[in-house]
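Just need the whole structure built from these sequences, with the hints factored in.
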Amino acid sequence: MPGQRINSQQILIYLKARNNGRTQETAAAQGGFSVRTGRRIEKGEHQPFQGKPRYWRTREDPYAEVWETEIVPMLEREPQLRPMTIFEDLQQKYPGKYPPSKLRTLQKRVSEWKAANGPPKEVMFAQEHQPGVMGLSDFTHFKQTTITIKGQPLDHLLYHYRLAYSGWQYVQVVKGGESFVALSAGLQQALERSGGSPKIHRTDSLSAAYRNEKHRAEEDVTGRYEELCAHYQMQPTRNNRGIAHENGSIESSHGYFKRRLHQAILLRGSADFESESSYQQFIEQVIKHLNGKCADRFSEERGYLQPLPEYPHADYEILRVRVTSHSTITLRCVSHLAGTSGEVQP
0 MPGQRINSQQ ILIYLKARNN GRTQETAAAQ GGFSVRTGRR IEKGEHQPFQ
50 GKPRYWRTRE DPYAEVWETE IVPMLEREPQ LRPMTIFEDL QQKYPGKYPP
100 SKLRTLQKRV SEWKAANGPP KEVMFAQEHQ PGVMGLSDFT HFKQTTITIK
150 GQPLDHLLYH YRLAYSGWQY VQVVKGGESF VALSAGLQQA LERSGGSPKI
200 HRTDSLSAAY RNEKHRAEED VTGRYEELCA HYQMQPTRNN RGIAHENGSI
250 ESSHGYFKRR LHQAILLRGS ADFESESSYQ QFIEQVIKHL NGKCADRFSE
300 ERGYLQPLPE YPHADYEILR VRVTSHSTIT LRCVSHLAGT SGEVQP
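If you're matching positions, the sequence shown starts at 0 in numbering that gives the first Met the number 0 and goes up one per residue.
Some hints could be false.
Calculated pairs, SDA-like style, for lysine to any residue (alpha carbon to alpha carbon, straight line, at most 25 Å) [stated by the list, open to error]:
#1 K198 to A229
#2 K287 to E87
#3 K96 to P72
#4 K287 to A184
#5 K42 to S7
What the hints contain is simulated information worked out from the structure, not anything from laboratory work.
Put into structure tokens, the structure is as follows:
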């Protein structure tokens with residue numbers, strides 16, 4: 000009709016009639032508008048009237064009491080804080096006041112705030128695996144902030160283990176490089192914490208596990224790493240050399256864990272710790288929270304893990320070195336005082 004706005008319901012009636020074989024004239028009559036409008040709809044030239052946008056709330060704002068006084072100051076201080084981090088902090092401060100159903104509202108409010116005050120981002124992908132089949136190990140750098148121990152920077156790596164099916168994980172601080180000792184100690188601690196070993200242990204081409212001289216992993220594995228895996232009845236495998244994303248179940252969780260660790264440090268207000276052990280304990284609190292999210296799947300997967308041996312495998316390395324006339328030895332570019340002979344655990 001001339002001067003009358005056409006709504007979405009009228010267009011649906013028209014299109015349904017056309018799909019049922021009605022002529023434009025009949026379909027337009029059923030829709031309540033002219034044939035000319037019908038032609039414009041079919042050409043994609045007509046936009047239905049959506050009504051005026053609404054600028055008022057239809058329900059009470061659950062964050063009215065804390066938005067300006069707590070949440071905005073937190074975001075202004077640390078714009079990288081994520082909605083989940085803020086939500087969990089509010090749940091701890093105000094038990095029972097913020098049920099999970101209120102998280103979406105906070106996510107929307109924080110997203111709107113960041114759109115006006117700073118950039119947001121993140122994408123996650125899921126993979127399907129069988130329970131008890133695969134565990135993955137890797138080393139990673141934590142570069143989001145500088146960790147200090149009593150004010151002194153801590154030069155370290157993080158050993159990261161993850162069960163592919165449930166997502167259960169373990170992280171351990173490592174001083175030094177990607178050595179077999181670090182891999183062995185971290186892996187055995189992870190297996191002990193998880194209560195069993197998977198059938199397959201996968202890494203990328205770690206020098207701690209592979210010589211990286213041959214294409215086939217089973218021909219390239221080091222003797223010590225092979226013995227370690229055999230001790231726990233695990234088959235050692237690796238992703239194809241040069242294709243790190245094939246280890247994606249651990250690579251993607253690296254980023255997720257480090258973001259959560261960084262968020263926890265931001266919330267803590269300081270990256271300085273009293274000792275390495277207190278830093279490790281802080282990491283384990285973050286991991287405990289993350290593992291709580293996959294508790295049901297981990298409970299299922301534990302039933303498929305292989306039982307652990309009675310004794311752990313040796314996580315040290317025996318080396319024979321020369322003692323100089325000054326009673327010193329050089330071990331991996333580090334000098335140590337020594338007697339006429341001896342064994343040193345690096």
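For each hint, the structure was consulted:
no.	hint	in the structure
1	K198 to A229	holds (10 Å)
2	K287 to E87	holds (14 Å)
3	K96 to P72	holds (20 Å)
4	K287 to A184	holds (20 Å)
5	K42 to S7	holds (16 Å)
Going down the numbered hints, you'll see the structure goes against none, and every one checks out.
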